[in-house]
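Peer 1: The primary structure of each chain is shown beneath.
Protein chains: 2
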Amino acid sequence: MEKLDAQPLYTRVKRALAERILSGIWAPGRLLPNEFQLAEEFGVSQGTVRKALDALAAEHLVERHQGRGTFVARHTSDTVHFRFFQLYDAGGRIQPDSRDVRVAVADPSGRERAALALAPEGRVIRITRTRTHEDHPIIDEQISLSEALFSGLLERETIPNTLYDLYQTDFGITVARVEENLRAAPASEATARRLDCPVGTPVLAIERVAFDYSGQPVEWRVSQCLTDSVFYHSTLK
Amino acid sequence: MEKLDAQPLYTRVKRALAERILSGIWAPGRLLPNEFQLAEEFGVSQGTVRKALDALAAEHLVERHQGRGTFVARHTSDTVHFRFFQLYDAGGRIQPDSRDVRVAVADPSGRERAALALAPEGRVIRITRTRTHEDHPIIDEQISLSEALFSGLLERETIPNTLYDLYQTDFGITVARVEENLRAAPASEATARRLDCPVGTPVLAIERVAFDYSGQPVEWRVSQCLTDSVFYHSTLK
Chain A
1 MEKLDAQPLY TRVKRALAER ILSGIWAPGR LLPNEFQLAE EFGVSQGTVR KALDALAAEH
61 LVERHQGRGT FVARHTSDTV HFRFFQLYDA GGRIQPDSRD VRVAVADPSG RERAALALAP
121 EGRVIRITRT RTHEDHPIID EQISLSEALF SGLLERETIP NTLYDLYQTD FGITVARVEE
181 NLRAAPASEA TARRLDCPVG TPVLAIERVA FDYSGQPVEW RVSQCLTDSV FYHSTLK
Chain B
1 MEKLDAQPLY TRVKRALAER ILSGIWAPGR LLPNEFQLAE EFGVSQGTVR KALDALAAEH
61 LVERHQGRGT FVARHTSDTV HFRFFQLYDA GGRIQPDSRD VRVAVADPSG RERAALALAP
121 EGRVIRITRT RTHEDHPIID EQISLSEALF SGLLERETIP NTLYDLYQTD FGITVARVEE
181 NLRAAPASEA TARRLDCPVG TPVLAIERVA FDYSGQPVEW RVSQCLTDSV FYHSTLK
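Residue numbers (the UniProt record's numbering), protein chains in the order written: chain A, 1 to 237; chain B, 1 to 237.
Note that these hints are calculated values from the structure, not bench results.
Some hints could be false.
Given that identical chains are not distinguished, each listed pair holds provided it fits within a single copy or across any two copies.
As the list claims (entries may be wrong) - In the EDC-like style, the derived pairs of lysine to aspartate or glutamate whose C-alpha atoms are separated by at most 20 Å in a straight line are:
# : residue 1 : residue 2
1 : LYS237    : ASP212
2 : LYS237    : GLU189
3 : LYS237    : GLU59
4 : LYS237    : GLU207
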C-alpha cells in the first residue's frame, strides 16, 4: 500500500528520466538503458520502470520500439505535422507543398525582435514561401529565426516542408509548444499576388511563436491562409 | 512494490469514481463520500483515495473545497468561460456582453440537422445575439439547439452570456468538449449591419459543435467575429 504522502514510485523514476531528457543530457534519438539496467540504477522493479517509460511515452518524450528498446523522442516530419499543424479539409489534416522558397538574412523588425527576444545586435533569418494544396496556393508564409541559432540554414540547398524536425536534427533545438493568435484580415497586395486572389480577400492570419523546452522563443511565423477549401481546427475540453 | 502488470491502485479507484460521474449516477454539485468512507468502500488507504481525487480534480471532474469536502464539478459561468472561450485582447481573455438577443423556434436547415443529429421531425431553437466588447459589437452569433432537449429555454425572460452552466443547471446537459472550425469570410449584409461594419469586411467565422460526455452533439454555434481588437488564441503542445 502506498504511503499517505508519497508520490507513486514510478512518478519519481519518470521525473528523474524526464530531467535527463529535457536538460539535453540524453539527446533526441539516444537509446535509453534497458528496463533491467534502469531498475537496478533506481532500486525499483522493472514493472515500475515500465510504467515510468509508459508515462514518458504518453507525453511524447520517449518512443518505445518493440524489440529494439526505448529512445529519446525525435521529431519526425509526421509527428511535427500531427502535433503542430491544424489546417484540415473534408478529408482530414492537409499536407501542403511549398514553392517560391526564399531564405535571407535581415535586420529584425520590432515585432521580430520582441517575439524572438533577440539580443540588441541580433539579426534574423527569414524564410518566405508559398504553401500549396492540390496545386493551389493557399498559405503565404513568413518564418523568422534568430541568425545566431540557425546560421547553418543559409547554406542549405533546399528547405523541407516541415521544419521542426530539421531544427532538432541539424540545430539541436526542440520545439515543445507553440502559441497561435488568429485573426481575419484583408489580403495585402503582396499576399494577394502570392495567393493569386483579389487584394482584400479575407485571409486567416495565424501568428505563431514556437518555444523550446526551456520556454525560450525560437521561431516566429505568420501564415496567411485562404480558407475557401480548408479550415483551422481546434478541440477544447 | 507494485506488480509488473498492475495499474497503480489510485488509477483504478479514479476510474471507478469517474464512471459514476460520467454516467450521471453522481450528478453535478453532489457531495462525494469522504475519504475515509471511500477508502473503506474500495479497501485502499486514504492516501490512495486522495490521489484518485486529485487526479479527478486535475481533469475538472470534481472540485475540492477545503473543509467542506469534494463535489462533482458543476459548470459555473467562470469555468465555462475559461474552458470554452478563446477570444483575447491585449489584457487577456475578454468577457463580452450581449445585446439584441432573440430566441425562436424554427425548422432546421440541413446543416443544423446534420450538426445536431436531429430526429426527422425535430425542430430547433435558435438564439441570435450580438456580443459586444467595450460597447463595440464584435461577434454576430447564432446558436442552434434541439427543441426536444431545450424547450424550457423559450419561457425564459433573459438569456445569460455564458450558456453551458445554464444547460447544466436547467436542462441536465453537461458540455464536455467542443470542436471548432475557423475560417476567414467576408461579412454578409446582415452580419455587417449587426457588427456596424462595411459589407465584405473580413470576419473570423468560428463554427462550433458542442458535445456532452456521451459524445452526443448538443449545440451548434456560428460566431462571426471582428478581429481588429481581439484575436483567437490557441496553444499546441
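Peer 1: Against the earlier hints, flag every one the structure doesn't satisfy and list their numbers going up.
Peer 2: 2
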